[in-house]
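2 protein chains.
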Amino acid sequence: MKKKLAVIALGGNALLRGDQIGTIDEQEQNTADTLQNLMYLIKEGYDLIIAHGNGPQVGNILMRNDAGETMYGIAQMPLDVCVADSQGGIGYMIERILRNTLKDHGISKEVLTVVTPVLVDINDPAFSNPTKPVGKYYTKEQADELTAAKGWIFKASPKGDGYRRNVPSPKPLAIMNEKVIESMARAGTIVIAVGGGGIPVYIDENKNVRPAEAVIDKDTASALLAARIGADEFYILTDVPFVYINYKKENEEKLEFLTYDMAKKHLDAGMFGEGSMAPKIRACMEFVKGGGEMAVITEATKLEDMSYGSKITLH
Amino acid sequence: MKKKLAVIALGGNALLRGDQIGTIDEQEQNTADTLQNLMYLIKEGYDLIIAHGNGPQVGNILMRNDAGETMYGIAQMPLDVCVADSQGGIGYMIERILRNTLKDHGISKEVLTVVTPVLVDINDPAFSNPTKPVGKYYTKEQADELTAAKGWIFKASPKGDGYRRNVPSPKPLAIMNEKVIESMARAGTIVIAVGGGGIPVYIDENKNVRPAEAVIDKDTASALLAARIGADEFYILTDVPFVYINYKKENEEKLEFLTYDMAKKHLDAGMFGEGSMAPKIRACMEFVKGGGEMAVITEATKLEDMSYGSKITLH
Chain U
1 MKKKLAVIAL GGNALLRGDQ IGTIDEQEQN TADTLQNLMY LIKEGYDLII AHGNGPQVGN
61 ILMRNDAGET MYGIAQMPLD VCVADSQGGI GYMIERILRN TLKDHGISKE VLTVVTPVLV
121 DINDPAFSNP TKPVGKYYTK EQADELTAAK GWIFKASPKG DGYRRNVPSP KPLAIMNEKV
181 IESMARAGTI VIAVGGGGIP VYIDENKNVR PAEAVIDKDT ASALLAARIG ADEFYILTDV
241 PFVYINYKKE NEEKLEFLTY DMAKKHLDAG MFGEGSMAPK IRACMEFVKG GGEMAVITEA
301 TKLEDMSYGS KITLH
Chain P
1 MKKKLAVIAL GGNALLRGDQ IGTIDEQEQN TADTLQNLMY LIKEGYDLII AHGNGPQVGN
61 ILMRNDAGET MYGIAQMPLD VCVADSQGGI GYMIERILRN TLKDHGISKE VLTVVTPVLV
121 DINDPAFSNP TKPVGKYYTK EQADELTAAK GWIFKASPKG DGYRRNVPSP KPLAIMNEKV
181 IESMARAGTI VIAVGGGGIP VYIDENKNVR PAEAVIDKDT ASALLAARIG ADEFYILTDV
241 PFVYINYKKE NEEKLEFLTY DMAKKHLDAG MFGEGSMAPK IRACMEFVKG GGEMAVITEA
301 TKLEDMSYGS KITLH
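Respectively, the protein sequence lines represent chains U and P. One point on numbering: in our numbering, the residue at position 60 of the first sequence is 60, and numbering is uninterrupted. One point on numbering: in our numbering, the residue at position 311 of the second sequence is 311, and numbering is uninterrupted.
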């Protein structure tokens, strides 16, 4: 029997929960809890690629860059390098804990973390409309100074507590190392890749790879990787066991099975939150449209029981 | 003909020179200049693994961690995570520029950056004698506070300008992903690995992989990787075209060819600086003793002309 290949996208709270301050002990404990649940898939014989978010971590790296310049005059690194830093640090943490979890379960497998640039189009409309807030809150005066000095674009926080740099969130087009990632994963190595949605790069008119000051949605990038390498299944692990419509209302409805068309109907009707479930649904739709067998949105702890999880298929 | 496999260790000044402040533009330009010189080896048909230092970069990451905690109360990451961050950021920078350099030379090759934990022994005597200064300079009072709070060990700077945290520099025993790194490199992918000498980890009594608060010498770790995977050649690129004895003295002697025994004789006689050439010579000796054909210490710009470079062989 041909082994199945699955791409698992770990949501932010799989590594760091909103009520935590982000010490390494907290991150390691959350990661261990999450990885525990992947053992079921490995015992079922799946080859695995693990993708993950980096929101809180790259936020902290950006703040530290700001503080390092202010206190010690250390040159700030651009956003692409900060994302790359976060892939190194988070990927290593997942890798180290995964090695121990595998050992506890008597499973012998290689684990490899790869730094992952992801290709975007510099003419993507997202570049003329930055929508993704990153880094610290600034006063109006500070924001204006930074716009003058670095060309950064700021927007007032919706809560009225300051201004934040907004960067574009362009659509990913290809994963730079997808062939190598695929061949390693199909050879049985668990590959940790596409951290934080990948480091955004574009190809300029001279065919050079250039950094894009942007961030890429991690679910979209993970789904793209899964589709491009012909993975069989794609999992988004988040903080709910199912996708719902009319969530927490009287007419709440749990969606266990969703075809592409049903998902599109609900999406077009605005049934999914833009900041939360809508991009996940879109990522799953792209995956099954791209040839994937099944996409699943669920909680990590529910992986072992297939009666949980919203399953999205093409038909 | 079987292709030759070479491991290239890029010295600190291949990425960032001592007289520079470390902006991303400076780092990218230095990296581009260095990588240009590797094209000769690639055109000769070598498979390549590129290792690199991280001294100035991880120093900046540690300073930013300190500043981030002071200014914004962001939890500091431990040293292992900071090293992992630096592998991500530096590895990505090398990878991106290498892709462009290859393109300029019409060479089609995959490039992959891997996060690399390196195994050390927690009973290594280095752990009871930390000798490697990292991060910022502190006053005596600050140093004492940090020793009380975090158990950090401080030593007065030789220049008398403050106190610095000193961490152990244990001997590397194995590269955690050496088999995967080797198989990718032998399949023609240029692999960027063992950044900064690797992220030091050890195996505890329960066979768990644990982080070690230490740093590993990059030349020693690169030579170990080269020997363990049976690489044919090992290059250390530094800021001199040859190794010398009595450097810059009247009786200065250029060492073009060195056997293991000759190198050991000069080493035992203290002819190489402990902070500079001695660890490089030791790394090369370990490589040829471990079965490597030839180790070379030279400048990047001299790679194309084999009349340059000190060549170390077993006999």
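Hint data in this document are derived by calculation from the structure and do not stem from the laboratory. Be aware that a few hints might be false.
Which copy? The list can't say, so a pair holds if one copy fits it or any two copies do.
Unchecked claim - Here are the computed lysine-lysine pairs in the DSS-like style, where the Cα-Cα straight-line distance is at most 25 Å:
hint, residue 1, residue 2
1, 264, 150
2, 3, 140
3, 140, 171
4, 132, 150
5, 150, 3
6, 136, 159
7, 43, 140
8, 136, 3
9, 264, 248
For each hint, the structure was consulted:
Within a single copy, residue 264 and residue 150 get their C-alpha atoms no closer than 40 Å, and across copies no closer than 53 Å, so neither meets the 25 Å cut-off. Proximity of residue 3 and residue 140 under a CA criterion of 25 Å is satisfied in neither setting, with 55 Å inside one chain copy and 60 Å between copies. For the homomeric pair residue 140 and residue 171, neither the shortest alpha-carbon distance inside one copy (30 Å) nor that between copies (51 Å) is at most 25 Å. Proximity of residue 132 and residue 150 under a CA criterion of 25 Å is satisfied intra-copy only: 17 Å inside one chain copy versus 36 Å between copies.
Taking the shortest Cα distances, residue 150 and residue 3 never come within 25 Å of each other, neither inside one copy (50 Å) nor across copies (47 Å). Taking the shortest Cα distances, residue 136 and residue 159 sit within 25 Å of each other inside one copy (14 Å), while across copies they are farther apart (37 Å). Taking the closest pair of Cα atoms, residue 43 and residue 140 never come within 25 Å of each other, the shortest separation being 54 Å inside a single copy and 54 Å across copies. For the identical chains of this complex, residue 136 and residue 3 are neighbours neither inside a copy (45 Å) nor across copies (50 Å), given an alpha-carbon limit of 25 Å.
Taking the closest pair of Cα atoms, residue 264 and residue 248 come within 25 Å of each other only inside a single copy of the chain (21 Å); across copies the shortest separation is 74 Å, beyond that limit.
Checked against the numbered hints above, the structure violates hints 1, 2, 3, 5, 7 and 8; every other hint is satisfied.
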